[in-house]
Amino acid sequence: ELKVEQNPLFLSMQEGKNYTIYCNYSTTSDRLYWYRQDPGKSLESLFVLLSNGAVKQEGRLMASLDTKARLSTLHITAAVHDLSATYFCAVGTYKYIFGTGTRLKVLA
Amino acid sequence: DTGVSQDPRHKITKRGQNVTFRCDPISEHNRLYWYRQTLGQGPEFLTYFQNEAQLEKSRLLSDRFSAERPKGSFSTLEIQRTEQGDSAMYLCASSLGTGVTDTQYFGPGTRLTVL
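Sequences listed follow chains P and W, in order. Our numbering puts the first residue of the first sequence at 290, with every later residue one more than the last. Our numbering puts the first residue of the second sequence at 26, with every later residue one more than the last.
Each hint should be verified, as a subset may be incorrect.
To be verified - Footprint (simulated), chain P over chain W, 3 or more residues, beta carbon under 8 Å:
| id | stretch |
| --- | --- |
| 1 | 60 to 72 |
| 2 | 130 to 140 |
As the list claims (entries may be wrong) - The calculated lysine-lysine pairs, modelled on DSS-like cross-linking and capped at a C-alpha distance of 27 Å, are:
| id | chain 1 | residue 1 | chain 2 | residue 2 |
| --- | --- | --- | --- | --- |
| 3 | P | Lys384 | W | Lys36 |
| 4 | P | Lys292 | P | Lys306 |
| 5 | W | Lys39 | P | Lys330 |
| 6 | W | Lys82 | W | Lys36 |
| 7 | P | Lys330 | W | Lys82 |
| 8 | P | Lys292 | W | Lys36 |
| 9 | P | Lys384 | W | Lys96 |
| 10 | W | Lys36 | P | Lys306 |
| 11 | W | Lys82 | P | Lys384 |
Note that these hints are calculated values from the structure, not bench results. All figures in this text were calculated on a predicted structure; none of them were measured in a lab. Virtual Cβ for every residue (Gly too), placed ideally from N, Cα, C.
Just chain W, with the same shape it has in the complex (with noise of 0.2 Å):
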């Protein structure tokens, strides 16, 4: 499968812990994304990346949140002291970056559960 992959699909965890989530781009794409997901609403986005630089984060994306693409490949989002608020899904996407209509293409999401 040359799509979007993200790990882990599900996480459960309790309040107050830290998460770690991955995704893994299509492997000619530049751009790097990561959007939230609440029950009954659409994605709202959190920051980009291109290459390795993080060009955006969202008003969404507070201290406790940690955006990282290290090599311009793979990206690593952390939530640290994770509250009941933070429940949603985390889905990633990546584009090539180029192009006029730079589609993004989104992964499986992760989905988070804090109790």
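Bound-form chain P, shown alone (with noise of 0.2 Å):
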């Protein structure tokens, strides 16, 4: 059975700040995607990553996939207070399993 694991769960970090979330998948997937989930609101596709060594950047926001390790790493860099939600990463294709999810609380 497939199982997406990321951590850290819940991450508190300064303005100005870099740092990342990872997701570790179980078994082989041919895709892989992030998603950001602010509270009550639904999920916003950010990223769909689909090969090894794949990298896609969107503002301070950078998604890479390493399909050998069955990882994926979201790296936020010089963080500001709007990018506090929760975000998500899901493996599968038309099924898609995600992960816990990753809390992150940008302090100005």
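Please assemble the complex out of the two chains, which come individually in their own frames, going by the hints.
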């Protein structure tokens, strides 16, 4: 059974700092997704990673994929308060298996 | 707004009552998915449709749950004889069903509270 684990589960960081969220998955998958969820809101698609070594960047967020290690990272550069949210990774094709999420709080 | 829409956004019901939720996907999307999300957890897959055909159901979808997509457009999710454990956010998503990425786009969700 495919399992997806994220760490850390909670992250409190100062504005301007850098940090990385990790997503490990237990079996091979040809697609990995990152989503953002604000409190009480639905999920917003951030990135889709398809191949080993794939890197995608949008603003202060950069996602990468290492299929051999079954690991994806979401790197936050110079965090700002607006990035405060819960971030989920998910793997799968039609049936997404989500991680437990990383709740990020950026402190001014 | 051309995104995924869900109705109602909130539903409070008493244990034992039946509830029905509706999802309208993005118009050109062939695939439609239902997920359930409880507090502090990631969404869990319930079922999905390719056009009007329901192709997979999770073990989480007990006999009290039924989903339909009669004309391959909107979908309904019905829960019969609701239980307190059914309280959750029910998310609908849709995707094109083609292409390499086939990203799922999520609706705002229906929050169900069973008293």
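Structure-based check of all given hints:
{"no.": "1", "hint": "60 to 72", "in the structure": "holds (count 7)"}
{"no.": "2", "hint": "130 to 140", "in the structure": "holds (count 5)"}
{"no.": "3", "hint": "P:Lys384 - W:Lys36", "in the structure": "26 Å, holds"}
{"no.": "4", "hint": "P:Lys292 - P:Lys306", "in the structure": "30 Å, violated"}
{"no.": "5", "hint": "W:Lys39 - P:Lys330", "in the structure": "24 Å, holds"}
{"no.": "6", "hint": "W:Lys82 - W:Lys36", "in the structure": "23 Å, holds"}
{"no.": "7", "hint": "P:Lys330 - W:Lys82", "in the structure": "25 Å, holds"}
{"no.": "8", "hint": "P:Lys292 - W:Lys36", "in the structure": "31 Å, violated"}
{"no.": "9", "hint": "P:Lys384 - W:Lys96", "in the structure": "22 Å, holds"}
{"no.": "10", "hint": "W:Lys36 - P:Lys306", "in the structure": "41 Å, violated"}
{"no.": "11", "hint": "W:Lys82 - P:Lys384", "in the structure": "10 Å, holds"}
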